[in-house]
Amino acid sequence: MSQTLGLIFIIIGLAFDVFGCLGLVRLPDVYNRLQAATKCVTMGTCSILFGTFLTVGFSAAGMKALMCIVFLVLTTPVAAHAIARGAHRSGVALWRSSVVDQYAEDREGEN
Amino acid sequence: MKRTRWVIGSIFLTGLVIGIIVYPLPFLFFQELPHLPFLGRALYILLLAAAMCLYRINRGPTSADRIVAVDILGILIVGFCAILSISTGRSWYMDIGIAWALQSFIGTLALAKYLEKKGFEE
Amino acid sequence: MSPKIILFLFAFIVWCLFSWVPDGAHLLGGIVVALIVAFMMGDLVIQRPHLMLHPGRYVNFIFLYVPVFLWEVLKANIDVAYRVVHPELPINPGIVKVKTSLQSDIALTLLANSITLTPGTMSVDIDKDKSVLYIHWIDVRSSDIEAATRIIVERFEKTLRKIFEEGNKE
Chain A
1 MSQTLGLIFI IIGLAFDVFG CLGLVRLPDV YNRLQAATKC VTMGTCSILF
51 GTFLTVGFSA AGMKALMCIV FLVLTTPVAA HAIARGAHRS GVALWRSSVV
101 DQYAEDREGE N
Chain B
1 MKRTRWVIGS IFLTGLVIGI IVYPLPFLFF QELPHLPFLG RALYILLLAA
51 AMCLYRINRG PTSADRIVAV DILGILIVGF CAILSISTGR SWYMDIGIAW
101 ALQSFIGTLA LAKYLEKKGF EE
Chain C
1 MSPKIILFLF AFIVWCLFSW VPDGAHLLGG IVVALIVAFM MGDLVIQRPH
51 LMLHPGRYVN FIFLYVPVFL WEVLKANIDV AYRVVHPELP INPGIVKVKT
101 SLQSDIALTL LANSITLTPG TMSVDIDKDK SVLYIHWIDV RSSDIEAATR
151 IIVERFEKTL RKIFEEGNKE
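Residue numbers (my numbering), protein chains in the order written: chain A, 1 to 111; chain B, 1 to 122; chain C, 1 to 170.
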């Protein structure tokens with residue numbers, strides 16, 4: 001039973017991983033790519049790790065998979081935040097049909 | 001034009017996924033589990049996702065795109081290690097995954113800081 | 001309880017989870033490593049130890065924050081998958097500014113993390129002096145600061161204030 005449930009979680013995780021990487025290929029600029037890839041790949045990998053935990057149970061690999069889920073959920077958004085901030089400060093422009101950029105307006109006022 | 005590219009790309013991708021599911025190549029199996037063939041297909045689908053990341057690393061117009069793709073590739077490898085740890089029954093693959101996640105996170109932070117202060121030459 | 005004792009217990013529990021199933025040698029090594037970590041880092045990591053003793057905050061965290069967070073993550077993934085496979089790419093991106101009233105560092109960090117993992121939004125920068133967050137929004141519905149605050153931030157802000165801020169105790 002728990003092995004079947006683990007397989008279902010692994011399948012969901014694989015599907016979201018592929019969608020996230022497809023977003024990395026298709027979307028037009030750095031920020032949109034970062035959004036799609038970060039959300040989908042984080043949730044997909046956490047789902048794979050949870051499926052690993054359900055498949056192998058409370059063994060060494062299972063507990064490490066649980067700790068790895070907590071670690072990924074805490075660190076991946078921080079990395080995305082750092083990349084977005086660094087890209088904006090180093091002058092990577094938004095997509096040409098973007099609507100509004102209030103961050104650039106405020107930073108114009110500072111400098 | 002856009003619609004045509006979408007149709008071609010979706011046919012190519014669906015064909016690739018169906019090909020992986022129908023004719024999987026053999027992979028590393030050291031354990032006797034009932035769902036091992038499925039795990040081999042899962043590894044190949046993760047390799048497909050990693051190939052998309054490599055395309056973005058190759059093509060990315062700015063260096064920020066490349067940094068994003070390297071970060072995502074690091075997270076994919078953690079999932080790869082998890083599936084390897086099921087299919088081979090050796091728990092130290094999960095250790096590799098955790099260490100890889102840590103190193104990838106710190107490396108991404110360092111690259112982002114460097115990008116913020118100096119920017120890369122193209 | 002001093003922050004060093006709290007950090008010692010936390011590090012020891014994490015060590016035990018990593019070296020599952022713990023036996024004698026592992027426990028001994030864990031005690032030594034956790035003592036070193038606690039004496040080096042205790043005052044740096046945990047700054048307000050009196051807040052760790054309220055059980056109501058843990059209950060709030062588990063039963064109010066985590067289910068909302070998981071549901072929003074699931075919605076976010078389905079949203080992104082829909083946008084990615086759609087042939088016309090229905091995106092309308094932009095960077096907007098929202099206000100927050102949270103003060104402490106850990107609450108702001110968790111707020112930014114939650115915003116990044118919820119549908120269509122990603123935090124780009126934080127300005128702690130003006131208490132302003134800059135959000136990259138994949139589908140801008142309103143560039144007005146009040147309306148954007150109401151849509152993006154208020155799902156999590158009330159819960160996070162109950163969990164991490166000093167003002168209103170249980």
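Mixed in with the good hints, there may be bad ones.
Below, a list of computed lysine-lysine pairs in the PhoX-like style, where the Cα atoms sit at most 25 Å apart [what the hints assert, rightly or not]:
| id | chain 1 | residue 1 | chain 2 | residue 2 |
| --- | --- | --- | --- | --- |
| 1 | C | LYS130 | C | LYS162 |
| 2 | B | LYS113 | C | LYS130 |
| 3 | C | LYS128 | B | LYS117 |
| 4 | B | LYS113 | C | LYS4 |
| 5 | C | LYS99 | C | LYS4 |
| 6 | C | LYS158 | C | LYS75 |
| 7 | C | LYS75 | C | LYS99 |
| 8 | C | LYS130 | B | LYS117 |
| 9 | C | LYS128 | C | LYS75 |
| 10 | C | LYS130 | C | LYS158 |
| 11 | C | LYS158 | C | LYS128 |
| 12 | C | LYS130 | C | LYS75 |
Partial list, derived from the structure: chain A residues whose beta carbon lies under 7 Å from chain C [stated by the list, open to error]:
| id | residue |
| --- | --- |
| 13 | GLY23 |
| 14 | MET43 |
| 15 | GLY57 |
| 16 | GLY91 |
| 17 | ALA93 |
| 18 | VAL100 |
If you are wondering where the hints come from, they were derived from the structure by calculation, not from laboratory data.
Just so it is clear, the structure is predicted and the values come from calculations on it, not from any experiment.
Beta carbons: idealized from backbone N, C-alpha and C, even for Gly.
Query - Violated hints - listed by number, lowest first - result: 4, 5, 9, 12, 15, 16, 17
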